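Colleague: Each chain, letter by letter, is given below.
Number of protein chains: 2
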Amino acid sequence: MYNFCNRLAVRSHLILAPHHSHPAPLPMESALFSSSPLSAFVPRSPPSLASRPLRLLSLPFSLLIHHSPPPRGGPPLLPRRLLRRFSPAAYADADAAAASAAESRSSGDRVVARPSSELRMGRPGGSGTGVAGDEKLRSLRELFARPDVAIDAYIIPSQDAHQSEFIAECFMRRAYLTGFTGSAGTAVVTKEKAALWTDGRYFLQAEKQLSPDWILMRSGNQGVPTTSEWLNDVLPAGCRIGIDPFLFSHDAAEELKEAISKKNHELILIKDFNLVDEIWKSRPKPPGKPTRVHDIKYAGVDVLSKLSSLRSVLVENGCTAIVISMLDEVAWLLNMRGSDVPNSPVFYSYLIVEISHATLFVDNNKVTPGVLDHLKSAGVELKPYEEILSEVESLAAKGAKLWLDTSCVNAAIVSIFRSACERHFTRLATKSRKQLNNGASSDLISIKSEDIRNGIPNGLYKVSPVAIAKAVKNKAEIEGMKNSHLRDAAALSEFWCWMEQEVKNNLTLTEVAVADKLFEFRKQQEGFIDTSFDTISGYGANGAVIHYKPTSDSCSFVGTDNLFLLDSGGQYVDGTTDITRTVHFGEPSAWQKECFTRVLQGHIALDQAIFPERMPGFVLDVLARSSLWKVGLDYRHGTGHGVGAALNVHEGPQSISFRFGNLTALQNGMIVSNEPGYYEDHSFGIRIENLLLVKEVDLPNSYGGIGFLGFEKLTFVPIQSKLIDTSLLSPMEIKWVNDYHSQVWEKVSPLVNVAVRDWLWRNTSHAACWTLKSRGKMRTQLMSTCLILSISMFARPIKQQRSVRERGGGGSRQGGRAVDSGLGVI
Amino acid sequence: MYNFCNRLAVRSHLILAPHHSHPAPLPMESALFSSSPLSAFVPRSPPSLASRPLRLLSLPFSLLIHHSPPPRGGPPLLPRRLLRRFSPAAYADADAAAASAAESRSSGDRVVARPSSELRMGRPGGSGTGVAGDEKLRSLRELFARPDVAIDAYIIPSQDAHQSEFIAECFMRRAYLTGFTGSAGTAVVTKEKAALWTDGRYFLQAEKQLSPDWILMRSGNQGVPTTSEWLNDVLPAGCRIGIDPFLFSHDAAEELKEAISKKNHELILIKDFNLVDEIWKSRPKPPGKPTRVHDIKYAGVDVLSKLSSLRSVLVENGCTAIVISMLDEVAWLLNMRGSDVPNSPVFYSYLIVEISHATLFVDNNKVTPGVLDHLKSAGVELKPYEEILSEVESLAAKGAKLWLDTSCVNAAIVSIFRSACERHFTRLATKSRKQLNNGASSDLISIKSEDIRNGIPNGLYKVSPVAIAKAVKNKAEIEGMKNSHLRDAAALSEFWCWMEQEVKNNLTLTEVAVADKLFEFRKQQEGFIDTSFDTISGYGANGAVIHYKPTSDSCSFVGTDNLFLLDSGGQYVDGTTDITRTVHFGEPSAWQKECFTRVLQGHIALDQAIFPERMPGFVLDVLARSSLWKVGLDYRHGTGHGVGAALNVHEGPQSISFRFGNLTALQNGMIVSNEPGYYEDHSFGIRIENLLLVKEVDLPNSYGGIGFLGFEKLTFVPIQSKLIDTSLLSPMEIKWVNDYHSQVWEKVSPLVNVAVRDWLWRNTSHAACWTLKSRGKMRTQLMSTCLILSISMFARPIKQQRSVRERGGGGSRQGGRAVDSGLGVI
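Top to bottom, those sequences are chains A and B. Quick note on numbering: the UniProt record's numbering labels position 195 of the first sequence as 195, and the sequence is numbered without any gaps. Quick note on numbering: the UniProt record's numbering labels position 284 of the second sequence as 284, and the sequence is numbered without any gaps.
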């Protein structure tokens with residue numbers, strides 16, 4: 001309620017540029033906004049102060065890290081879209097890429113994808129393009145003077161119209177204009193100057209790619225202003241600053257408006273055309289691949305039921321309609337999937353759900369007859385994507401009480417609705433006054449006013465109810481997630497088995513080649529569609545770059561002298577995966593082992609957490625860090641993000657992070673990642689990531705009648721035991737590792753061939769303790785370890801042990817190599 | 001900054017009743033406000049939404065417990081005064097008591113105190129007083145009609161004018177009027193009705209004590225309205241509701257004003273007299289005992305230096321003066337102590353610090369020549385306590401920029417300053433207009449306006465900078481805290497040694513007698529002044545009442561069949577202590593041992609925490625609960641509160657709690673309690689409390705250049721090993737217990753006599769492991785335990801072992817009794 005009231009209090013005074021008949025290429029306009037990728041999980045442009053540091057690129061670096069508490073006050077709204085510790089990936093090197101990946105997919109039953117290396121080509125607006133940087137700027141500035149534009153500056157952010165993490169190539173306007181292809185950046189062009197803001201990850205790249213006409217603003221560096229501070233500085237007072245209102249959430253636009261008002265600048269919403277599109281000669285076409293129905297066996301709940309639940313919420317909140325603009329929310333609600341953007345099975349669209357009917361705004365050519373039937377049976381009408389604004393206007397005319405999540409719905413939609421509301425209010429008030437003048441009794445007028453009030457359209461500006469409904473998975477979604485994770489685990493086992501051999505024989509095995517090979521293994525799994533994000537394949541120092549993305553022309557070879565970090569995920573018809581493993585193919589140093597072990601201890605502590613219901617995720621974050629803190633270590637990203645079921649790999653509203661602003665309680669059925677890490681600059685990176693299902697736990701007590709929650713693992717891939725310093729682990733932690741590996745063996749061994757099964761056995765058996773003991777290492781400290789181990793060894797299913805013996809005893813066959821080779825065991 | 005802006009935005013429209021020449025008994029008026037004692041650590045009436053549930057008594061009970069996240073939004077101000085999980089104690093049975101304790105203290109070098117039992121007499125307005133309840137109400141209502149009052153209702157809260165936790169008897173107006181002597185409650189009297197709000201702890205007591213003229217409002221029960229909701233319900237629209245503005249913080253008054261404005265009621269600030277005082281025939285005199293100088297060897301920093309630091313902060317914030325109204329802040333800043341209220345060595349006063357001088361508003365008769373010299377040498381003037389309002393007015397006249405912490409400074413002071421500011425603004429504006437009309441050039445006017453702006457008084461409404469300065473202890477304060485804790489530990493060892501014998505021989509040993517005996521032992525320690533709060537001495541089911549306070553007429557006998565919880569503390573010349581131990585003098589059940597062990601595990605986890613600087617305390621709260629959560633248990637209070645150095649036992653702004661609103665970072669030099677617990681209704685209560693000093697730790701790494709903090713224990717009293725189920729403990733936890741007991745032995749044994757030393761040895765030695773082993777219990781699980789133990793045994797100083805052998809071997813002399821007797825050992 002507080003948020004609601006608070007938001008209502010924010011009055012919109014955005015100025016809309018006059019409508020024109022100018023032929024806009026598409027009203028659907030987008031770009032990447034300055035979502036700071038220094039932060040692990042960034043809420044989707046929420047109006048909360050707590051999230052501001054994440055959105056204003058040039059805030060002091062120290063604000064973005066080190067657990068600085070969020071600024072006090074401000075409505076701590078539920079963050080919705082959670083961006084990634086690593087690159088949002090919708091942009092840089094592999095992103096145009098991703099768009100062509102979408103192209104390569106067939107729309108039929110069997111989806112075909114292409115490997116990463118093939119996708120890493122063709123950047124929009126790269127330095128190799130025909131038009132010189134200054135030429136583009138000149139063309140853009142010419143537009144400033146046009147009477148239907150009339151602005152002094154234009155801001156080109158990095159968003160699309162839906163706040164998507166991954167966006168289509170045709171919306172990569174900032175990259176086209178600036179030539180800078182990093183995933184995060186905001187360009188600002190005045191009549192005299194042009195500046196690009198990006199963060200520490202991209203300073204070098206931006207220096208290379210920007211022409212001398214551009215000023216590089218190194219966000220996070222001391223003294224670097226924000227975009228609005230810069231505009232207030234370089235422009236004389238009272239200028240007109242233009243934006244494409246489709247590319248800003250309403251809240252972001254309001255924030256910008258307020259910031260520039262300090263210098264009496266006006267924010268001009270130019271909604272009929274995007275200025276970059278006007279000068280973009282060979283702009284790629286918007287994606288047009290067909291959508292598909294997401295099978296009810298994976299979706300679990302049919303569209304009518306979902307719509308019915310949503311309508312109940314609308315009625316409860318006194319609303320008659322809602323505009324849904326987040327692509328994953330539309331896809332989830334309508335049990336549909338698409339392939340408009342890389343890594344996420346979504347399609348460009350808006351959805352308006354009213355009490356009696358629903359309308360999907362989507363390009364007709366994306367709707368196959370099957371999809372059309374599916375939609376019809378749920379009572380969903382179709383309208384062209386471009387008609388969203390006129391429909392919102394006509395809703396206002398009908399007196400709609402419209403639910404708008406202003407943290408994600410773009411400023412174009414919100415401002416047009418507000419203007420329409422004001423117009424209708426004025427009209428009705430005039431009518432009412434006339435009646436009064438015509439001699440109607442004041443009593444009558446009073447009644448009329450009541451009617452008028454009821455007939456006046458208005459907005460409820462509140463976080464979308466679909467976000468939480470989507471986050472709490474149903475039985476079928478959980479089933480699909482579990483199944484897809486097992487197939488993914490099989491692919492990863494095959495991959496690691498291959499990798500262990502390959503790295504010793506192939507001295508020129510690159511990080512990209514590794515990612516490509518992993519893609520090959522995943523592709524062989526049933527129901528595989530695509531990667532769920534660009535694979536982070538980082539050897540040695542590259543592993544320490546949290547947002548590392550290897551490119552085929554500049555990546556490292558993977559060797560046996562350092563740690564190798566691999567963070568990857570798959571999109572399957574029934575689920576979405578996200579897993580990180582860190583391994584060493586040679587001899588890890590004691591220091592690397594200590595760091596790895598402390599990260600593992602954090603991973604275990606979070607995995608094993610039991611906590612009362614209604615607990616926000618941030619409360620648990622400390623559990624994942626304590627073991628690192630003990631020796632003065634830490635990591636500069638969150639510990640867990642939500643994951644969609646066969647949808648976006650990053651979703652809200654829940655998270656597990658040191659950012660205290662997100663008060664969303666963890667709930668039974670939610671899925672979160674568990675990914676503590678440690679990164680040593682210029683040296684190595686460590687991260688261990690599993691996905692977890694939040695689950696009610698049955699405990700002997702229930703203090704105060706409160707339910708308790710815990711986690712169930714979804715990910716089953718061995719953790720490299722060689723990297724574990726067992727002397728640091730408690731018996732409970734050793735038991736956790738052994739139990740986990742037993743589960744991995746049980747679940748994944750039936751899914752792989754004999755050779756891989758052998759690898760799996762070696763990496764999930766518990767024999768190393770004895771090896772270590774015989775070496776006389778740490779004999780006394782390990783006594784307790786061995787005790788527990790021996791118990792858990794005996795507890796291991798007899799059948800399993802026998803099968804190994806029959807195979808020649810994976811562990812013993814490899815002999816001492818278990819420890820000397822790439823993958824040791826505890 | 002956000003708070004500042006936010007608060008400035010709150011406009012005061014409080015209506016001041018006209019000034020009268022009515023002979024007010026004292027302008028210093030106070031009462032206890034409805035600080036909900038259900039909550040462990042309640043911020044001092046902050047304006048933050050997060051704290052509202054704690055202040056509005058009739059909110060649903062569920063809001064007060066179960067980790068419900070704080071309401072989103074609202075400026076999360078630093079909580080200042082931290083109330084107690086147990087009774088604020090300024091009121092109920094023992095509180096008049098406490099006032100007479102103050103009386104019994106000599107003001108000389110040696111301070112004499114009296115035991116609790118003697119103090120538990122003479123309640124103001126108890127049912128035994130001469131005037132019948134209805135008579136008082138009739139007299140009060142007669143005043144409503146007086147022209148200088150003219151109100152329809154009057155609210156009598158539980159505060160004094162300084163938001164003190166412990167208040168003097170003469171300010172216990174709510175108790176006098178209602179006859180209800182519980183520590184928390186708010187009375188509201190209209191012309192027809194009279195209602196009293198209190199919480200679950202006091203329902204039975206209130207039922208007994210209230211006359212039939214009073215409606216009992218059971219706060220926390222479903223459907224029970226808040227005071228303002230009730231007023232809005234029972235009064236016709238547009239009534240005048242009176243309060244004594246000295247008894248409400250400005251923020252609390254503003255909140256009340258807003259709530260009642262919904263029914264168009266006006267809030268009337270009657271500042272010249274308190275209506276209850278008008279009818280209180282034999283009202284006790286305000287406390288008048290002399291103050292004393294707090295020795296520089298304990299204070300560490302002289303007054304001039306403290307004032308100088310404060311003045312720098314004022315200048316940095318563009319202020320020319322500050323009003324300090326919290327009694328502990330005045331005492332700390334001036335290195336003075338007093339004995340106006342029980343348990344806290346403070347004295348009723350206000351302090352105004354300006355850039356060039358400072359004024360203490362205090363009754364002259366409290367200032368001895370020594371104190372006068374002390375104040376003079378620091379440039380502090382004296383003025384009568386009653387002149388605070390006129391001084392604030394004259395500050396406004398001088399154009400002061402006044403710092404006011406509206407979360408604690410009362411509404412009388414803030415509103416008089418604001419009114420004065422407005423008057424001066426109007427006057428200057430008129431003057432400026434006149435100059436313009438007289439033909440001065442506009443340039444000149446512009447300069448004049450600048451001057452005028454500079455000359456206009458205004459307020460900075462921000463948390464007092466003294467709070468954090470006081471919370472971060474200097475070297476001498478830390479030294480004093482450490483020393484007083486050792487003497488306190490000696491007293492407690494003597495006490496427990498006595499108790500262990502007494503409980504077996506004395507079948508009529510009451511909870512109060514136990515508290516009295518403890519008081520006797522403490523009194524024998526050098527520098528002891530008083531208890532730091534009323535001792536919580538709870539046997540069996542009484543231990544489960546978190547805020548339990550035994551009374552001599554109704555308390556239980558302490559026996560050997562159940563757990564006994566003892567939470568107590570002392571005020572010493574050099575420090576303040578607060579410690580809880582739970583013991584069993586017979587055979588604890590396995591369940592009690594499990595619960596105790598899990599509480600201990602939480603205690604250890606927090607004690608051992610290492611965390612980056614700038615971390616709010618609430619981040620660590622989960623560490624103290626995890627072990628309980630694992631089996632579905634929890635406790636409904638915070639885990640840690642700040643403690644003053646020879647000052648209030650509860651102080652802010654830091655805390656360690658599941659309330660996420662307090663973002664105050666823990667800092668090197670702060671002191672916090674570590675007191676997880678578990679309470680089983682009608683059965684038993686467990687709490688283990690030590691005080692901890694926040695300390696920088698020297699770690700092998702410093703990730704990102706961040707400093708790390710940890711805790712150093714201040715409390716050294718054995719934890720009853722008999723209650724520990726060692727099978728649940730990790731080797732690290734067992735080592736913690738053993739190390740702690742080694743420290744207790746080393747530090748405390750030199751301070752006690754031979755008999756007590758023997759008790760101390762038995763309760764700090766590590767022999768039980770072997771005993772358990774020989775019993776063949778849990779042999780395998782304990783192997784690791786024994787290993788660690790044996791190592792730590794060997795590590796024990798030889799000298800210490802020898803001394804025991806010389807004494808005949810404390811452990812062995814007692815033989816098997818170590819486990820069978822009251823206090824076992826690990």
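Source of the hints: derived by calculation from the structure; they are not laboratory data. Some hints here could point you the wrong way.
Claimed, not checked - What the simulated footprint calls covered on chain A by chain B, stretch by stretch (three residues with Cβ under 8 Å from a Cβ of chain B suffice, anywhere in the stretch; the number is not a length):
1) 607 to 615
2) 623 to 632
3) 690 to 703
These numbers were taken from a predicted model, which means no experiment stands behind them. All residues carry an ideal CB built from backbone N, CA and C; glycine is no exception.
Colleague: Name the hints, by number, that the structure is in violation of.
Modeller: none
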